[in-house]
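*Asks:* Residue numbers (the working numbering), protein chains in the order written: chain A, 1 to 115; chain B, 1001 to 1195.
Quick caveat, the hints were computed from the structure, so don't treat them as lab data.
Where is the CB? At the ideal position from N, CA and C, for every residue including glycine.
There's no promise every hint is true.
Claimed, not checked - Computed list of lysine-lysine pairs in DSS-like fashion (alpha-carbon distance at most 30 Å, straight line):
{"#": "1", "chain 1": "B", "residue 1": "K1133", "chain 2": "B", "residue 2": "K1054"}
{"#": "2", "chain 1": "B", "residue 1": "K1157", "chain 2": "B", "residue 2": "K1175"}
{"#": "3", "chain 1": "B", "residue 1": "K1054", "chain 2": "A", "residue 2": "K64"}
{"#": "4", "chain 1": "A", "residue 1": "K101", "chain 2": "B", "residue 2": "K1084"}
{"#": "5", "chain 1": "A", "residue 1": "K3", "chain 2": "B", "residue 2": "K1157"}
{"#": "6", "chain 1": "B", "residue 1": "K1064", "chain 2": "A", "residue 2": "K101"}
{"#": "7", "chain 1": "B", "residue 1": "K1084", "chain 2": "A", "residue 2": "K3"}
{"#": "8", "chain 1": "A", "residue 1": "K3", "chain 2": "B", "residue 2": "K1114"}
{"#": "9", "chain 1": "A", "residue 1": "K3", "chain 2": "B", "residue 2": "K1064"}
{"#": "10", "chain 1": "B", "residue 1": "K1064", "chain 2": "A", "residue 2": "K64"}
{"#": "11", "chain 1": "B", "residue 1": "K1112", "chain 2": "A", "residue 2": "K8"}
{"#": "12", "chain 1": "B", "residue 1": "K1093", "chain 2": "A", "residue 2": "K3"}
{"#": "13", "chain 1": "A", "residue 1": "K8", "chain 2": "B", "residue 2": "K1064"}
Stated by the list, open to error - To spell it out: a stretch of chain A is covered by chain B in this simulated footprint if at least three of its residues, at any positions, have a beta carbon under 8 Å from a beta carbon of chain B; those stretches are:
{"#": "14", "region": "78-87"}
{"#": "15", "region": "99-112"}
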Amino acid sequence: MSKCPEIKGLDFSVSGRQAIEAIRAKQRLANVLAVTLAVTPLVEIFGGKGGLHSPLGIGWNIAKNDWEQWAQTLGAIPLIVQEQVVKIAFDEYQFGSSSGKERDFWFAVANSCER
Amino acid sequence: MHPVQTVVALLTLIAAIPLAANESATDAPPRNPLGQLVELARQNMMSAVDAANKRVGYCVDLGKSTVVKPDAIAKLKLTPVETKIALFYLHFKAKDACTAGAVNAATVDIIKFKAIELEANGRNDPEPFTDSKFQYTAEDVCCGTPRIDLNAELNYKRLNAEKRAALETLPELKKPFNVFDLLNHFIPPPGSENP
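Full structure from sequences and hints, please.
*Replies:* This is how it looks when you write it as structure tokens:
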């Protein structure tokens, strides 16, 4: 996880918001996020601050160690579902309209900061 | 006793009588109670899902550790967009091929479980299914991201046929491979522009 990016002031594009909605729709992940005690920006983005349908918000700041917490959270869901989250993130990184900070974000979600 | 109940009781008695004189009840394999069949189907399903999950983990790890040299792909002179489309599709296709046997078997066992559960109880209990570690739904296992999968396939099929044929002859792209490492050779990853 040594290459996890620190991202400040992240806003999501329409395409990025749709990808987040698709990830939020993964019920197994939602169940895990609902009982996750450590409330980090990534948990809030993918779990929704006020539930799955709450607005996404703007200006997210993600610290390097938030990614480690996120990796632990993902570890509580089946690998089959983890792979689906990875695929949605990779699709958004590759083909979404996002650029700059948002691309950094999706790249990190897709490859667990490994490259 | 209601006449209908009487008829049902008689039919039950008749069904219990061996059909042929030389066939005793001990010769025939037992008709096990539906509840036991449901339990067996549940066990089969959970072990198949567990096996599928382990197989996915194996294929993910294999993909991370398998570095493909970019030379053969570079020769095809794909545009950056073509490279993205091709590697995205072939990466997940190889991963699906790696996991498909286990995931398909799990999907079949889920369908069998739901069928016998419906026969036994007249309804299916709400999902998810729970094992000692995780919760699953049938959809989780069988068909996670159909829009992305089909979109990727359609984009890939629109690539030049000769380029596709050339890509599909490369043995190193038929098994899970490290797509990020390979992409890095053609398209700089975020942050690499300003180290």
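*Asks:* Now look at each hint and say whether the structure bears it out.
*Replies:* Outcome of the hint check:
Of the supplied pair hints, the one linking K1133 of chain B and K1054 of chain B holds, its CA atoms being roughly 13 Å apart against a limit of 30 Å. A C-alpha spacing of about 20 Å is found between K1157 of chain B and K1175 of chain B, which places the hinted pair at or below 30 Å, so the restraint holds. For the hint pairing K1054 of chain B with K64 of chain A, the CA-to-CA distance comes to about 29 Å; that is within 30 Å, so the pair holds. Between K101 of chain A and K1084 of chain B, the direct Cα distance comes to roughly 20 Å. Compliance with the 30 Å bound is thereby established for this hinted pair.
For the hint pairing K3 of chain A with K1157 of chain B, the CA-to-CA distance comes to about 34 Å; that exceeds 30 Å, so the pair is violated. Between the alpha carbons of K1064 of chain B and K101 of chain A the distance comes to roughly 24 Å, so the proposed pair stays at or under 30 Å and holds. At roughly 22 Å between alpha-carbon atoms, K1084 of chain B and K3 of chain A fall within 30 Å of each other, so this suggested pair holds. With a CA separation close to 44 Å, the supplied pair K3 of chain A and K1114 of chain B exceeds the 30 Å bound.
For the given pair, K3 of chain A sits about 15 Å from K1064 of chain B by alpha-carbon distance, which is consistent with the 30 Å threshold. Only pairs whose Cα atoms come within 30 Å are accepted, and K1064 of chain B paired with K64 of chain A is accepted, the gap being roughly 22 Å. Taking the CA atoms of K1112 of chain B and K8 of chain A, the gap is about 49 Å. The hint is violated against a cut of 30 Å. Note on K1093 of chain B and K3 of chain A: the hinted pairing holds, with a Cα-Cα distance of about 27 Å set against a maximum of 30 Å.
The hinted pair formed by K8 of chain A and K1064 of chain B meets the criterion: a straight-line CA distance of about 29 Å does not exceed 30 Å. Beta-carbon proximity to chain B at under 8 Å applies to 7 residues in the region 78-87 of chain A; the threshold of 3 is reached and the given coverage holds. A count of 5 residues in the region 99-112 of chain A with a Cβ less than 8 Å from any Cβ of chain B is obtained; the coverage claim is therefore met, three being the minimum.
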